[in-house]
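Using the sequences and the accompanying hints, generate a full structural model.
Now for the letters of each chain:
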Amino acid sequence: MKRPVSIVIPALDDRALLGRALDTLWSALKDRGESDEVIVVDDSGAGRLAAWLAADHPRARAVVNAENLGFARALSAGVERAHHALVFAMNSDVCPRPGFLDPLVSAMGDPRVFAAVPRILLGGREDSIESVVSVELEGGIARGVQSALERPRKDLLAPPWWTRDGVTPFPMGGAFLFQRAVFLELGGFDRAFEPFYLEDMDLGWRAWKAGFECRYVYDAVVEHHHRGTIGAVVPEAVVRAAIERNRLLFTWKHLDDPAALEEHVRTLSRRVVEARVLEDRAFLTALCLALEDRVRAGDARDPLEGAATWQRIQAASAARRDF
Amino acid sequence: MVHGFPPLERTGVETHVAALARALARRGVEVEVFAPRTDPTQPEFALRREERDGYGLTWVIANRTPRSAAEHQDPPGMAQVFGEFLDRERPDLVHFHHAMKLGIGIFHAARRRSIPSVYTVHDYYPICHRVILARPDLTRCSNVGDSKACARCDRALSFLNQVQPWSDYQGGLLPEGMNQRQREALERILGGHATEEAASAQDAERAKLDLARKTAFDSIDLLLAPTHFVRGQLSAGGFDPRRVELCEYGIDATTLAALEPLDRSRRPLTFGYLGGAHKHKGLHVLLEAFSRLGSTPGAAAGARLSIHADSTDLEYTNALRARAGLLGVTWHGAYTQTELPRIMEGIDVLVLPSIWWENAPFVIREAHAARRPVIASDLPALRESVEDGVDGMLVTPGDPEALKRAMQRLIQEPEWASRLAQGARAPRSLDALCDELLGRYGELLRRRGPALPAAIPASARDFSQRVLECEASSVARLAERASAGLERLARSLGVEPGPVHEPEVSSIAVERLQDARREIAWRMERELLLAAQNADLENSRGELTKELARVQLDGDRARAALDQARRTLDARENELQFAAKAQADAAKAQAAAAKAQTVAAKAQADAAEALELEQRAHSTARSALAAATGALQTALADREVLRATLSELSRVNETLAAEAVGAEGELRVLAEQAAVLKQHANWLEHEAAQLTRRFGGSSESLRDPQEFQAATALLDRVEAELQWRRREMHALCESGGRIIRALVARSALGRRMGAWERKP
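Line by line, the protein sequences give chains B and D.
For what it's worth, my numbering labels the leading residue of the first sequence as 100, then goes sequentially.
For what it's worth, my numbering labels the leading residue of the second sequence as 8, then goes sequentially.
Simulated from the structure, these hints should not be mistaken for lab results.
Each hint should be verified, as a subset may be incorrect.
[What the hints assert, rightly or not] Partial chain B-side listing against chain D, Cβ under 8 Å, derived: (1) Val212; (2) Leu220; (3) Gly330; (4) Val364; (5) Glu373; (6) Arg380; (7) Thr384; (8) Glu391; (9) Arg393.
[What the hints assert, rightly or not] Residues on chain B that point at chain D, a partial pick, calculated with CB under 8 Å: (10) Gly144; (11) Val163; (12) Gly169; (13) Ile329; (14) Glu335; (15) Ala336; (16) Ser368; (17) Leu383; (18) Leu388.
C-beta atoms are modelled at their ideal positions from N, C-alpha and C, and glycine is treated no differently.
Shown next as structure tokens:
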């Protein structure tokens, strides 16, 4: 018998988008029987989705947030109410392809696997895989790199490792299957990254720290048709500031190599002077916000299980890519 | 934003802005003053920052002399420099105090960045490009909003350039500065008598510039007018009165208020003039009045005049100074704000003899603060600062006699002077002005509405707000914030706090400077390259232009030749066409001729045939006629014969009758035969007569074919009849002969028969 899955979809009040996602989901779940549950978290803050869901998608269960909480907290609210041990988190602009779930569930056979991420195709294009990622220090600041999108095209001609299953430093938040118990044990998403971006990178990194793995499953395919993204409703400067701030917060939270940290802080000091000279307002804004948020959070760092975790995860999530 | 700033510029507005900046800074407002200055040692548009008394001052170097009225109104490049300044500083609000030297483009720069803006109307620049709303003959303008009148001012100034070759007329020339001819010429120009053609071009240019200025001023959110009069003038100049509000000046008068009030017993009474020595300020009127005072008994000894003035109008100032020297007037030149209390202490009465429209002079407020009465020109704006008979006296502007009388009264009536001094109320304080301005600034900022777009979801609003606040902060402030936070971060990360040390900052600065230099060098190189290329291109263009001209000339010639050829060709072609047509016509004609020829030939043949036929017919007719005539003659001869035969027979008959009675039957037969023969003879006679009648004349009637046929038929018939009758007659004759021969044979007559017997 197939392991049942709770599918959690945080959604704003964009019914056309959500309707399309649900329609493709229903057909993608056809072969899986009736044991999976689908939870739509109404994060519009106005509770407009419940009645519509009951009428148009009776199979979906609505969880209504009294106010808009943002992606991470909305997802957590759904996870809390999920009945099954496996939870598939899905954005409302994701359209799963038939048979997407079984390979993911199979990948979760190993209890050390916290999460499995499908092959997420940007805009449904076969050559645009979003979910192949790495974490790199760029100018001393961590960045989640979408390797398959950012690598030069010639790599695509000679199929690299991401055309097979592998491990990944973190699962993309837009679509991934994970162990509910581990998610709760890890404390869910870190609210320091609110309102958005990089909370998934942090979650994956913490899972690795805690001794789990995250996997990339080639045969599980979903399409990501960016539309419900935050960029549509939030000014570009805010999105940019959130990403840049969260890169800093992530670095300060997880970078544990003393030499690298020292270099990092020196780099920041230098960059402040440079930004002053070059009038780089965007960098200064992100840095000021990150510094203030860190103070607000009591200068907390992630509790570490031993030193040099950064190096260890980098090595683990990169070395065993092919199995 | 202001057009000048102390210590370089020290007149009313500049000093006021400095005081205001300081006062606002003390209230916790971050103030950054932006003002132009010239400094030939610095590059154009270089920014030089100074820390002042609690506020920052950014100088922008503006050395370039405007080359046209348009450049004067909006110096090219300045708006961009100001825009970059705004981008760096991100002020919440901009308070403009003037646009001279900076240009009106700076208003648009603020508007484009959605920064609320305020403008204090210190003079008439929004409605008068000459700022002072006075004409070049220094009479007050009452044509606000009439662009044509403004164009006349421009023309008058052009004229003054000829009168004063160095353009040193400083806003205009007083009548005494010109000769009669010049005065008349100026009057004519200002009266609008320029030729219409010249006027229209200048009018259009002036109207365009004025419209640009008005549009720029219209992009400012709020204009503050220090007097009702200015507000009214702006309204007359087309400004929406709702955007122009009254905002009285305020001054910091603490030191002045502490001065001793007017000592009513002090003599001589010291009149003072403080301000610029510009013509429109009317200092010459004051000197004239003072001079007349000198000739008034008892007054001269009681008065002194102290002038604290200076200006760039050297010709005017020098003349006044010379006169002042003759009149025993002390001339001190310009003063600084710190010297003001001491100067004010030295004078008893302030005189403000302006001949322009004036606004709300600070110096009146300062005098009133020091409880000094003011004699001012009786102008609508000044009535708002001086109350006649309460804190001063108002006299007819430009009238030395009236001014003299007022001064005289103050000298002669100490009580009056004292009363006016006591009437002086403390002017509005700078604090009160700051209160009002802060209120107005706040209102404008509120009016701008929430900066956060409504679409942002609740979960992202706080963060978005924080980002927008950072966006609104100056780069310097953000860098300070970041630097402060970094130290704490380093500590919390357990890293040596790594502030960037002075040498490193210097090295960064040097690196960036070198970057900038490299960039500049690269750009310059590129620019030089471009310039060289440009020059080359220009050369090529020149050559090409020449070449083009040459080619064009050749082309023109060739074109002319071509045209000629084309015309010739056309003519030839026409001719050819005509020829072809003629040929065709000829061919046609030939064909027609051939056809005609055939027709003619046929006609000829026909004619010949007809002729022949006719001739044949003729000959036939003739021969027929001849035959007929022959037949006729024969018939006639036959008739003669018959007649003779008949008479012979009658005689024979008579003889026989006589001779023989026995032969009665034969005789009867013979008589019958003779009757028949007689009938035949009659017919012949008749026919012969008819034929003769018909054809006897000419043969002309036979030309008619019908006639001819009829004739022929008739002849045939006659001939046939004739032959028949001949046979009949022959038969009758034979039978008669036989009878006669028988009778004769039987008679004696037989013997004689041989004598006449012959065939018929």
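Quiz item: What are the numbers of the hints that this structure violates, sorted from low to high?
Solution: Violated: hints 1, 2, 3, 11 and 14.
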